[in-house]
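Participant: Chain by chain, the residues:
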Amino acid sequence: MAMKYTKLVLKHFRSPKNIGKIKNADAKATEGSVVCGDMMTMYLKIKNNIIKDAKFESYGCAANIATASILTTMIKGKTVEEAEKLTWKDIIKQLGGLPPLKFHCSNLAIETLHSAIKKWKKKNNTKVS
Amino acid sequence: MNVYLDNCRTTKLDKKVFEEMKPYFTENYGVPSGIYSLSEKANDIVEKAQIKIGFLINANPQEIIFTSGATESNNLAIKGVAFANKNKGNHIITTKIEHPSVLNTCKYLEKNGFKIDYLDVDKNGFFDIEQLKNKVNKNTILVSIQHVNDVIGTIQPIEKIGKILKNKKVYFHVDAASSFGKLPIDVNKMNIDLLSISSHMIHGSKGVGALYVKDGANIEPLMHGFVSLSNLRPGDENVPGIVGFAKAAEIACDEMEKNRDHVIKLRNILMDSIQKEIPDSFLIGPKENRSPYNVSFSLKNVEGESIALQLDMQGVAASTGSACVSKSLEADYVLLAIGLKHEQAHGSIKFCLSKYNTIEDIDYAVKALKKAYNNILKISIFK
Numbered sequence: 000m001a002m003k004y005t006k007l008v009l010k011h012f013r014s015p016k017n018i019g020k021i022k023n024a025d026a027k028a029t030e031g032s033v034v035c036g037d038m039m040t041m042y043l044k045i046k047n048n049i050i051k052d053a054k055f056e057s058y059g060c061a062a063n064i065a066t067a068s069i070l071t072t073m074i075k076g077k078t079v080e081e082a083e084k085l086t087w088k089d090i091i092k093q094l095g096g097l098p099p100l101k102f103h104c105s106n107l108a109i110e111t112l113h114s115a116i117k118k119w120k121k122k123n124n125t126k127v128s
Numbered sequence: 000m001n002v003y004l005d006n007c008r009t010t011k012l013d014k015k016v017f018e019e020m021k022p023y024f025t026e027n028y029g030v031p032s033g034i035y036s037l038s039e040k041a042n043d044i045v046e047k048a049q050i051k052i053g054f055l056i057n058a059n060p061q062e063i064i065f066t067s068g069a070t071e072s073n074n075l076a077i078k079g080v081a082f083a084n085k086n087k088g089n090h091i092i093t094t095k096i097e098h099p100s101v102l103n104t105c106k107y108l109e110k111n112g113f114k115i116d117y118l119d120v121d122k123n124g125f126f127d128i129e130q131l132k133n134k135v136n137k138n139t140i141l142v143s144i145q146h147v148n149d150v151i152g153t154i155q156p157i158e159k160i161g162k163i164l165k166n167k168k169v170y171f172h173v174d175a176a177s178s179f180g181k182l183p184i185d186v187n188k189m190n191i192d193l194l195s196i197s198s199h200m201i202h203g204s205k206g207v208g209a210l211y212v213k214d215g216a217n218i219e220p221l222m223h224g225f226v227s228l229s230n231l232r233p234g235d236e237n238v239p240g241i242v243g244f245a246k247a248a249e250i251a252c253d254e255m256e257k258n259r260d261h262v263i264k265l266r267n268i269l270m271d272s273i274q275k276e277i278p279d280s281f282l283i284g285p286k287e288n289r290s291p292y293n294v295s296f297s298l299k300n301v302e303g304e305s306i307a308l309q310l311d312m313q314g315v316a317a318s319t320g321s322a323c324v325s326k327s328l329e330a331d332y333v334l335l336a337i338g339l340k341h342e343q344a345h346g347s348i349k350f351c352l353s354k355y356n357t358i359e360d361i362d363y364a365v366k367a368l369k370k371a372y373n374n375i376l377k378i379s380i381f382k
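Quick mapping for you: the protein sequence lines, in order, are chains A and B. According to numbering that gives the first Met the number 0, the first sequence is numbered sequentially starting from 0. According to numbering that gives the first Met the number 0, the second sequence is numbered sequentially starting from 0.
Hints listed in this document are in silico derivations from the structure and should not be mistaken for laboratory results. One or more of the hints may lead you astray.
[Unchecked claim] To give an idea of the interface, some chain B residues facing chain A are shown, with a C-beta separation under 8 Å as derived from the structure:
hint, residue
1, GLY88
2, TYR107
3, ASN111
4, LYS114
5, LEU118
6, GLU304
7, MET312
8, HIS345
[Claimed, not checked] Here are the simulated DSSO-like pairs of lysine-lysine, each with C-alpha atoms no more than 27 Å apart in a straight line:
hint, chain 1, residue 1, chain 2, residue 2
9, B, LYS168, B, LYS132
10, B, LYS110, B, LYS134
11, B, LYS377, A, LYS3
12, A, LYS6, B, LYS370
13, A, LYS3, B, LYS369
14, A, LYS22, A, LYS92
Note that the Cβ used here is the ideal one computed from N, Cα and C, for glycine as well.
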């Protein structure tokens, strides 16, 4: 089935930002499953409650890659609390839309981010929201 | 460079076919049902098409019923036989890897009181013929088996199956959408009662197909309306489409060996090159008894939609069985039925060749695939 991706989705798919691992990451999380064909790992560098760096690795379709790519650019420079407030809808808005069949990809990206932050908070004994 | 390698989805119209069709749009635009000479021309050319196509599969002209394509042909064959023979029995046998137009028709019949056995297949897509023999019982009215599987290229032993079913009182339907014009078909020798064929798989136009219905077969129409040439398929005929189909079929059968030799050469280069350039991959489906037109691989640690999109960005059209391209978000059922793990199915990429493909196409496609694979692997969690 032909997927109608926006130009921006395809741009992020073609040249994704922030690919790879962060050595000594302050937070890391992997979500999704191989069975669904949709997985994501996110690495965060957090200093003074601000996300200084974010990188990702992916296993999945173009929407998976594009949502991870744009989310990592969106959260850099944001406070942890600001990043936590982002929803899957914000990603879709930022990408100029996603085919409805691919909405779950934006959800996976947010889940992975939230999961990484949760782990970071736990590690740093901050109250988990 | 643009390279089309999705010829099991549709094919490019042959220019010779197009030329043949043209006058039937604007000059000889009649349909067979009228009394005047414009209709006579239409009638003659449709009859000629029946003769041509019948000849190619060793059938009589009146046994060829034109339809809108193989989906309609499969529906007509299966539902038509089921409804007409429900007093004799309600049991149908097919396999787990048939085309959706067969499987979904069978599922529909299940909801209407029919019992369907879906035979398991092995890792190469072959089912156990002994199991088929054992499954046939006094309630069995129909066995439906595809000739060539369009996902993995498996060629089923139709003649052997036909022999087994010959003395049993069941109808034998063969979905030959992926084989007609590419492999020899003889409905008598193969003991076939119903055969579905398609025009746009062999460089004819879209929207035309046919069902061979053996003379005397008890089958009901699905549609009811104005009867022009056949009770089984009412409505006025798609004359240009039928003309094109006959021409396409004639060309395909004339060139069958030449085309086969050509694509085998390309296929071998494509298979060897993929295995060499991407060692973390394996061929899906059989090595023997495989359609020379099908090359299907599973690539490790990557997902097929990304690969197919990366190929598209380089001008190469190919297909994948990944869940990410299906509306149901499930991996291709054929790939799961042959025992592939989900991740192996997600990493599948399929190239279907045609007579129009060249060595240059294949070389380019391999380079594009390697680039696509490396690009996606760079992002991959698994490496």
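Participant: With reference to the structure, classify each hint as holding or not holding.
Facilitator: Against the structure, the hints come out as follows:
no.	hint	in the structure
1	GLY88	38 Å, violated
2	TYR107	22 Å, violated
3	ASN111	29 Å, violated
4	LYS114	31 Å, violated
5	LEU118	25 Å, violated
6	GLU304	4 Å, holds
7	MET312	6 Å, holds
8	HIS345	4 Å, holds
9	LYS168/B to LYS132/B	13 Å, holds
10	LYS110/B to LYS134/B	20 Å, holds
11	LYS377/B to LYS3/A	24 Å, holds
12	LYS6/A to LYS370/B	21 Å, holds
13	LYS3/A to LYS369/B	25 Å, holds
14	LYS22/A to LYS92/A	31 Å, violated
Going down the numbered hints, you'll see the structure goes against 1, 2, 3, 4, 5, 14, while the others check out.
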